[in-house]
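A.B. asks: No gaps in the numbering here: position 67 of the sequence shown is 80 in the numbering used here, and each next residue is one more.
Where hints are given, some of them may not hold.
[Said to hold, decoys possible] Mimicking DSS-like on lysine-lysine, the simulated pairs with C-alpha atoms at most 27 Å apart in a straight line are: (1) K555 <-> K505; (2) K715 <-> K630; (3) K905 <-> K848; (4) K968 <-> K848; (5) K505 <-> K412; (6) K344 <-> K371.
Keep in mind that the hints were calculated from the coordinates and are not lab data.
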Amino acid sequence: MMYSVVQNLQQSVAKLTEELKKEKAEHQLTKNALQKSEARLRILTNQASLIIWEVDSKGIFTFVEGEKTIKSSDLIGKSIFELYKNHQEVLDKTHFALAGNEVKWFGEAEDIEYETRVIPQISESGKTAGLIGVNINVNVGQNTKLEYPEYQLRLEEKVEEKTSALRESNEQLIEEIVRHKQAREELLYRLNFEELITTLSTHFINLAPDEIDRGIQVALEWIGTFSGVDRSYVFLLDETGNYINNDYEWCASGITPQIQQRKQIPITALEEWNEQIKNLETIYIPSTTQLPTEKWISKRFLRLQYIKSLVVVPIAYRGIFIGFLGFDSVKEEKNWSEDIIALLRIMGEMFINALERKRVETALAESEKKYRHLVETSQDLIWSLDTLGRFTFVNQAAKRIYGYEITEIIGRSITNFIYKEEVEKSTATSTTNITQIPIFTQDSSSSCQWETIHKRQDGIPVYLNFNAMALRDKFGNFQGAIGTATDITQRKKSEEALQRAKDQLQAVLDAVPWFVSWISSELIYIGVNRQLATNFNLPPEKFIGQEIGFLGSSSGFVKFISDFFASSAQQISQEVDTTVDGNIKNYLIVVQKYAQGKALVSVGIDISDRKQAEAMKSKLIASLQESEKKFRSLYEATSDAVILLDKNGIFDCNFAALKMFGLNNKEEFYNHNLADFCPEYQQNGKKSSQLIKRYMVEAIVKGNSCFEWINQRVDKSEFPTEVLLTAMKTSEYPQKKSSKKSTKNIVFQAVIRDITQRKRHEEQMKESLAEKEVLLKEIHHRVKNNLQVISSLLRLQSRYIQDEIILEMLKESQNRVRSMALVHEHLYQSKDLSKVNFTEYISSLAAHLFQAYAVKARGVKLNINVIPVCLNIDTVIPCGLIINELVSNSLKYAFPEEFQGEIFIEFDYGDHDQNQFILKVADNGISFIQDLDYKKSGSLGLRLVCSLVRQLKGKIELINQVGTVFKITFSSLNASKL
14 MMYSVVQNLQ QSVAKLTEEL KKEKAEHQLT KNALQKSEAR LRILTNQASL IIWEVDSKGI
74 FTFVEGEKTI KSSDLIGKSI FELYKNHQEV LDKTHFALAG NEVKWFGEAE DIEYETRVIP
134 QISESGKTAG LIGVNINVNV GQNTKLEYPE YQLRLEEKVE EKTSALRESN EQLIEEIVRH
194 KQAREELLYR LNFEELITTL STHFINLAPD EIDRGIQVAL EWIGTFSGVD RSYVFLLDET
254 GNYINNDYEW CASGITPQIQ QRKQIPITAL EEWNEQIKNL ETIYIPSTTQ LPTEKWISKR
314 FLRLQYIKSL VVVPIAYRGI FIGFLGFDSV KEEKNWSEDI IALLRIMGEM FINALERKRV
374 ETALAESEKK YRHLVETSQD LIWSLDTLGR FTFVNQAAKR IYGYEITEII GRSITNFIYK
434 EEVEKSTATS TTNITQIPIF TQDSSSSCQW ETIHKRQDGI PVYLNFNAMA LRDKFGNFQG
494 AIGTATDITQ RKKSEEALQR AKDQLQAVLD AVPWFVSWIS SELIYIGVNR QLATNFNLPP
554 EKFIGQEIGF LGSSSGFVKF ISDFFASSAQ QISQEVDTTV DGNIKNYLIV VQKYAQGKAL
614 VSVGIDISDR KQAEAMKSKL IASLQESEKK FRSLYEATSD AVILLDKNGI FDCNFAALKM
674 FGLNNKEEFY NHNLADFCPE YQQNGKKSSQ LIKRYMVEAI VKGNSCFEWI NQRVDKSEFP
734 TEVLLTAMKT SEYPQKKSSK KSTKNIVFQA VIRDITQRKR HEEQMKESLA EKEVLLKEIH
794 HRVKNNLQVI SSLLRLQSRY IQDEIILEML KESQNRVRSM ALVHEHLYQS KDLSKVNFTE
854 YISSLAAHLF QAYAVKARGV KLNINVIPVC LNIDTVIPCG LIINELVSNS LKYAFPEEFQ
914 GEIFIEFDYG DHDQNQFILK VADNGISFIQ DLDYKKSGSL GLRLVCSLVR QLKGKIELIN
974 QVGTVFKITF SSLNASKL
């Protein structure tokens with residue numbers, strides 16, 4: 014393929030070179046003719062009294078020829094507007110001519126009168142490219158007239174004759190100049206274009222495949238710049254042939270690229286150009302505005318891209334259209350000659366040959382890479398040998414098979430790797446002689462195969478299966494061999510393992526409790542296992558060659574085997590009864606044909622016990638059916654609604670469910686979804702669909718889930734229910750143990766109980782309970798008020814007592830009453846009327862005591878460390894009174910006047926029991942008298958403390974350290990954390 018592409022490209026270049034030679038010969042003839050014409054023109058203009066000149070579109074002189082008084086070098090390159098800036102008439106006439114009009118006027122220069130005629134040069138696009146002018150000296154005739162008046166009439170006639178001839182010659186001269194200039198420009202353009210194509214052709218031949226894309230891009234830029242177009246591009250069909258893409262593009266400066274917008278254009282979008290494309294004809298549009306009405310699609314498409322002119326040259330490979338080369342003119346309309354279009358077609362062929370070469374070379378490189386990768390990654394050894402049997406190539410598999418590096422194997426003889434067991438099979442000389450290798454011994458054979466044992470570097474044998482092909486020259490001389498070698502070590506091991514497995518299988522067949530036999534199509538035993546022979550008290554050898562009914566134990570077995578051989582079935586099973594030792598036994602006989610149906614293997618399984626079990630099972634099934642009937646009656650008779658549902662929805666319900674939800678029959682119930690029987694939101698504001706999923710998951714995890722629910726009947730009326738949702742696994746969809754939890758094989762049973770009446774009773778009970786709570790709070794409030802009244806009475810009475818001892822006793826009684834009143838105050842302020850926040854209570858009590866003993870508490874600091882806990886009233890009141898007595902004691906006796914100190918109240922859990930508590934009341938003042946027994950003290954306060962500790966069933970300890978510490982330990986079962 015690559016050679017064909019290069020050959021085509023070389024032929025195209027040769028053809029192009031031949032055409033260029035012919036064109037150059039023709040151009041040389043034209044050039045010679047033009048040179049002769051130019052010489053005649055120069056002679057004519059020098060002899061005549063006239064001046065011929067030419068300016069470009071900007072008014073710059075490019076050619077001047079005429080009277081000897083005029084030097085062309087003084088004018089060429091200068092602007093006519095600059096030279097005649099003071100001659101307004103000349104400037105106006107020149108502008109008028111540049112506008113595309115022929116102009117004629119008379120003027121004077123250095124006392125010479127000239128007649129000036131100017132003809133505009135119009136380009137292919139219709140614009141003025143320059144001017145050609147002729148100045149004729151008209152003074153020649155006038156001077157002659159003045160000097161010879163006697164000949165005036167004759168001269169006038171001659172002048173008129175000469176003037177007419179001169180004018181006619183002038184017009185012919187101008188036409189000749191125009192033709193000469195156009196021919197020269199066309200010749201130069203064509204020569205330059207041909208030279209450009211020749212350069213590009215040579216350039217593409219030398220390009221590497223990865224440089225071709227860049228080469229095409231450069232070629233588009235060169236051709237586009239040379240041709241003066243605004244955009245050049247190449248479109249190529251995609252692999253499907255249904256879309257065309259702009260793969261290469263060059264744009265002139267200031268022109269917006271279109272390559273990104275011109276992708277995946279359906280080929281059907283070119284329907285107006287289909288016929289031309291099909292015939293591989295050039296599409297040439299010199300002016301998009303001149304397109305006919307029926308080409309409105311193309312006209313609209315081109316005008317949207319501001320294209321004024323374009324030429325599209327189809328690109329074909331082997332006669333098949335694969336794309337096109339195009340040129341756009343955006344700034345102005347442009348014409349292309351047939352010769353230029355022909356050269357563009359050659360350029361298109363050059364592009365496609367280059368792209369095909371790139372494709373072929375890329376494909377070859379990929380193919381080579383693929384096959385090299387295949388060889389290197391092959392698990393088989395791929396090798397080649399020279400005529401001496403030495404390895405010249407091995408792939409990477411050699412390293413795995415032999416354990417040597419590749420470089421260590423290359424150059425070594427294949428006989429060096431033969432294992433010693435193979436060496437012992439032949440003589441010492443033959444093992445080192447390569448002619449003993451099969452591929453070297455078979456002269457007429459081109460390929461052969463053999464198995465051998467080679468050795469690895471570590472000495473381990475490796476079994477190899479060699480496939481080799483001899484390499485011969487055109488004369489049939491042996492040049493070496495190539496081939497593959499497969500490592501069959503595992504296969505050899507497998508064969509050995511298979512033999513061991515056969516032995517093991519025979520042992521298993523002899524050991525299994527089934528009756529296994531092999532029978533031919535002639536109904537003759539081929540063999541039996543030991544279990545079958547032992548069952549009939551015969552050795553296995555006695556069965557071989559005997560007819561299958563020779564024991565006379567089962568005619569049914571003989572008929573079954575005979576019918577099976579006669580049928581086309583390959584495997585079948587049947588239950589057969591056989592008499593063994595006078596007892597009838599039931600066997601399940603499974604038979605399988607082999608050896609193209611000429612023999613079978615029979616396996617007999619004793620199913621006598623299973624038959625008995627099946628009889629019992631039938632009785633059990635009958636019993637279960639009866640039980641199911643009873644449970645179905647119970648299921649239908651229950652007052653609770655029972656619904657069964659799976660992943661597909663509701664599939665069963667009882668009559669109570671129909672009644673509860675207002676439906677008439679079960680079919681109507683099954684047509685509803687579970688969501689139809691509950692409102693969108695439950696009373697807690699959450700979506701019913703989300704909650705029911707959560708309860709289902711809980712039922713799957715825990716087995717069941719019980720919850721209260723709001724259901725609705727078909728008439729949308731709502732009612733409260735209690736739902737017991739149970740998840741039950743079924744065997745309809747078995748799932749793997751390792752799989753995640755799934756509802757595929759789970760059935761849900763929902764037992765729904767209407768609790769409307771219960772809810773009403775609960776509301777009534779809540780109302781009654783609320784009333785009782787109000788009454789209880791009122792009682793606590795009144796008790797607190799009554800205790801407060803007692804405290805106030807004691808305080809009033811103390812005002813009339815002068816005895817300090819009695820006054821102190823009244824004050825202590827007042828504090829005790831206040832401590833009990835605080836309990837009732839906290840109770841009626843608390844949400845829980847049975848418990849008191851002990852932390853707040855102690856803080857309030859201690860604050861009251863410090864206020865009561867304000868004078869003695871001056872300078873004493875209170876530290877409270879109490880765990881957040883709630884205690885019942887039976888615990889709080891004794892604790893409050895104990896704290897009242899001990900803190901009062903500390904304030905009265907521990908800190909003499911002006912003595913600074915601290916009082917500590919601590920309340921915490923016991924060491925190992927959350928129901929045990931430790932109360933500590935301590936101070937760092939004067940210690941308790943050591944000889945004084947506080948339990949037998951005459952003090953009412955200490956006796957009261959001991960009594961209250963006994964009431965709490967606790968224990969009190971006095972610890973004399975720095976100051977006094979009372980530690981009370983007790984238990985309370987009704988405590989709760991905050």
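A.B. asks: Now, for every hint given, state plainly whether the structure supports it.
C.D. replies: Going through the hints against the structure:
For the proposed pair K555 and K505, the alpha carbon gap of about 36 Å is over 27 Å, so the pair is violated. Proposed proximity of K715 and K630 is contradicted: the alpha carbons are some 33 Å apart, above 27 Å. Note on K905 and K848: the hinted pairing is violated, with a Cα-Cα distance of about 31 Å set against a maximum of 27 Å. Only pairs whose Cα atoms come within 27 Å are accepted, and K968 paired with K848 is accepted, the gap being roughly 23 Å.
About 21 Å separates the Cα atoms of K505 and K412, which keeps this hinted pair within 27 Å; it holds. This hinted pair does not check out: K344 and K371 have alpha carbons roughly 35 Å apart, beyond 27 Å.
Of the numbered hints stated above, those contradicted by the structure are hints 1, 2, 3, 6, listed in ascending order.
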